[in-house]
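Given the structure of chain P, go ahead and fit chain S onto it with the hints provided.
Line by line, the protein sequences are chains P and S.
Each residue of the first sequence is one higher than the last, beginning at 1 in the numbering used here.
Each residue of the second sequence is one higher than the last, beginning at 1 in the numbering used here.
What the hints contain is simulated information worked out from the structure, not anything from laboratory work.
Watch out, some of these pointers could steer you wrong.
Pair ranges (Cβ atoms, derived) [stated by the list, open to error]:
hint	chain 1	residue 1	chain 2	residue 2	range
1	P	V77	S	D86	28 to 34 Å
2	S	N265	P	D136	38 to 44 Å
3	S	N36	P	V53	54 to 60 Å
4	S	F137	P	G79	53 to 59 Å
5	S	N265	P	R326	43 to 49 Å
6	S	G149	P	T240	43 to 49 Å
7	P	P50	S	P105	28 to 34 Å
8	S	N36	P	A84	53 to 59 Å
9	P	G203	S	R320	55 to 61 Å
10	P	V56	S	R326	53 to 59 Å
11	P	M200	S	D132	44 to 50 Å
Since we're looking at a predicted model, the values are computed, not measured.
Note that beta-carbon positions come from the ideal geometry of N, C-alpha and C, so glycine has one too.
There are 2 protein chains.
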Amino acid sequence: MPEFRQDPITTRWVIIASERGRRPSDFETPPPKADNAFCPFCPGNEHTTPHEVYAVRPAGGGWDLRVIPNKFPVLQVEGDLDRAGDGLYDKMNGLGAHEVIIEGPEHKIPLAHRSVERINQVVRAYHERYVDLKRDFRFRYVLIFKNQGEAAGASLEHPHSQLIALPVVPKRVQEELAGARRHFEYKERCIFCDILRQEMREGSRVVLENEEFVVISPYAARFPFETWILPKHHESSFETLSANQSLALARILKNLLLRLDRVLNDPPFNYMLHTSPLQEGPSSYYHWHIEVIPKLTKTAGFEWGAGIYINPTPPEEATRFLREARVDREF
Amino acid sequence: MPEFRQDPITTRWVIIASERGRRPSDFETPPPKADNAFCPFCPGNEHTTPHEVYAVRPAGGGWDLRVIPNKFPVLQVEGDLDRAGDGLYDKMNGLGAHEVIIEGPEHKIPLAHRSVERINQVVRAYHERYVDLKRDFRFRYVLIFKNQGEAAGASLEHPHSQLIALPVVPKRVQEELAGARRHFEYKERCIFCDILRQEMREGSRVVLENEEFVVISPYAARFPFETWILPKHHESSFETLSANQSLALARILKNLLLRLDRVLNDPPFNYMLHTSPLQEGPSSYYHWHIEVIPKLTKTAGFEWGAGIYINPTPPEEATRFLREARVDREF
Chain P
1 MPEFRQDPIT TRWVIIASER GRRPSDFETP PPKADNAFCP FCPGNEHTTP
51 HEVYAVRPAG GGWDLRVIPN KFPVLQVEGD LDRAGDGLYD KMNGLGAHEV
101 IIEGPEHKIP LAHRSVERIN QVVRAYHERY VDLKRDFRFR YVLIFKNQGE
151 AAGASLEHPH SQLIALPVVP KRVQEELAGA RRHFEYKERC IFCDILRQEM
201 REGSRVVLEN EEFVVISPYA ARFPFETWIL PKHHESSFET LSANQSLALA
251 RILKNLLLRL DRVLNDPPFN YMLHTSPLQE GPSSYYHWHI EVIPKLTKTA
301 GFEWGAGIYI NPTPPEEATR FLREARVDRE F
Chain S
1 MPEFRQDPIT TRWVIIASER GRRPSDFETP PPKADNAFCP FCPGNEHTTP
51 HEVYAVRPAG GGWDLRVIPN KFPVLQVEGD LDRAGDGLYD KMNGLGAHEV
101 IIEGPEHKIP LAHRSVERIN QVVRAYHERY VDLKRDFRFR YVLIFKNQGE
151 AAGASLEHPH SQLIALPVVP KRVQEELAGA RRHFEYKERC IFCDILRQEM
201 REGSRVVLEN EEFVVISPYA ARFPFETWIL PKHHESSFET LSANQSLALA
251 RILKNLLLRL DRVLNDPPFN YMLHTSPLQE GPSSYYHWHI EVIPKLTKTA
301 GFEWGAGIYI NPTPPEEATR FLREARVDRE F
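Extracted from the complex, chain P is given alone in its bound form (with noise of 0.2 Å):
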């Protein structure tokens, strides 16, 4: 049963997710899969994964999309949650849940290259997994990410992102409520809403946008070609979105990742959802968006010990190469 378990001193959590079972020799690097190895999302297989909690079917039969709960999920759905001191330690049991979004059938074709359509699905399947695990009490927080390329984390090649639900708030998105909390408390505005107001008039950091969204390079960019994407009007959670803002985001991340595949060549990714708690109503303080981080430099111990980020390209500059980068239209 994995376990979360918090450190006393900075009070992060991490989950120690002991039934995966890494001994010592695990940890060597298994030999690239061949091509034709079995791979648990593509169509034929689907007896192989657990059973789906949502999918797209077209009219003519199959599926262009699927949500499954994950195979080695490193948390589990069933029970309460269960807190617990351990002298001065403290810990809870590993509750939650941990789905994993298969794009789409083809297992050849990374988001960026499937169609507006295509992506909009993907981006309705986050919307509908949200919603629905939002009427769970027990769960505080969605996270939404994808990891893209092996050096970015993914295990398996077919294209997929993931969700895990939490009992707590994690730590990252704690500091972004505080700090935007504490900017309110002082301007009474939202600090996002700031940002994208500086941004647009000073113009060398947006890299894209379009009705409903901006794509930024943040002035304190902790990675080379991080990018931000916001909804341009204030909205504190993902819960909202419409079906234009929803569509509005297919177009604007298709137009971004295929400019960061072609700038940087296929780079590794990852990005990440940033939302308002589940059980907090709508605020004036917080403003949703999704991080999304090339994995072209090394962390190391500078950045480990440090919490300081070293980033060799200046946001103004990567802004520049995503804005001249040829793509065969705008979405």
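Just chain S now, kept in the frame of chain P:
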């Protein structure tokens, strides 16, 4: 000129190291270096490095250890700190010192395989440089760290450590200081001393100890086989390290690194020394230590998005493997 920029939401500083000039094509993986490639840290090539700031020279000539300014520093040592606003944002010029500790003349002998006496020279060098840089009142923190192995971020194979002196107290250290202060306000005890007491009594996470130091695998370890080296008796700063303690640290560090080598087959790793900020006197609440993290897993979207780490190896199991590892003798 490098620049510090602060994320206005999380107050996280980043270093935009633009003179490192990374264009998109610079991120492609370079071919592995030939075995006979030029090494600036090897004897005979001293003229290719900046002028050394510290060295250990045995009576017979040559050198055992050199400390040099990094030829490609992420921060620049000249001038004064200049803080400025940029609309909503805050920045500072990239003031700091960035030095390299070349741990020995031998290109092929990693730290763990040097003699205790030679490892003690490395610890003494850390201490000498720490004390010297403390005299520079522009600096508020000196972070000493080591990256070993390419996956852990080492760009040169020749065994070396690094230090970066900073005009700010880094975020990760601030988090530890805040947590330690919170505990002290509540209990009037050092939280690290409390942890050590519980661990010594309980035993299942104590990897090693000698008269001055204890190695534990922390209760909420972020990474498989993560360990911390802590002074047994309360000590807030690395500054007060005695000759005895230095030798004891060299011994336990060798013992630990040899065991990691044995159990994990020469893993890439980082270690980072956390100590009280430079311009603070001794404190009752903070306790310096070294965090050692083998690089065995990939940090992916969930970790970046949540700040929650998934550790597949319980620290109790890591402890058991490390304790049972066969090393020739205790040091």
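Next on the checklist: Taking 53 to 59 Å as the stated bounds, is the beta-carbon spacing between S:F137 and P:G79 within them?
Outcome noted: Holds: the Cβ-Cβ distance is about 56 Å, inside 53 to 59 Å.
Checklist entry - So does S:N265 sit 38 to 44 Å from P:D136, Cβ to Cβ? => result For P:D136 against S:N265, whose Cβ atoms are near 43 Å apart, the range 38 to 44 Å holds.
Next on the checklist: Verify the CB-CB distance for P:M200 and S:D132 against the hinted window 44 to 50 Å.
Outcome noted: holds (48 Å)
Checklist entry - So the hint says 43 to 49 Å: do the beta-carbon atoms of S:G149 and P:T240 match that? => result With a Cβ separation near 46 Å, S:G149 and P:T240 satisfy 43 to 49 Å, so the hint holds.
Next on the checklist: Taking the Cβ atom of P:V77 and the Cβ atom of S:D86, is their distance within the range 28 to 34 Å?
Outcome noted: The hint (28 to 34 Å, Cβ to Cβ) is violated, given that P:V77 and S:D86 are roughly 46 Å apart.
Next on the checklist: Given the hint of 43 to 49 Å, is the C-beta distance from S:N265 to P:R326 inside that range or not?
Outcome noted: holds (46 Å)
Item to check | Range hint 53 to 59 Å (beta carbons of P:V56 and S:R326) holds or violated | outcome: About 56 Å separates the Cβ atoms of P:V56 and S:R326, which means 53 to 59 Å holds.
Item to check | Whether the CB-CB distance between P:P50 and S:P105 falls inside 28 to 34 Å | outcome: Violated, at about 57 Å.
Checklist entry - Quick one: are P:G203 and S:R320 within 55 to 61 Å, going by C-beta? => result holds (57 Å)
Checklist entry - Cβ-Cβ distance between S:N36 and P:V53: within 54 to 60 Å? => result Distance hint for S:N36, P:V53 holds at roughly 57 Å.
Checklist entry - Okay, S:N36 versus P:A84 on CB: inside 53 to 59 Å? => result holds (58 Å)
Of the hints listed earlier, those the structure fails to meet are numbers 1, 7, in rising order.
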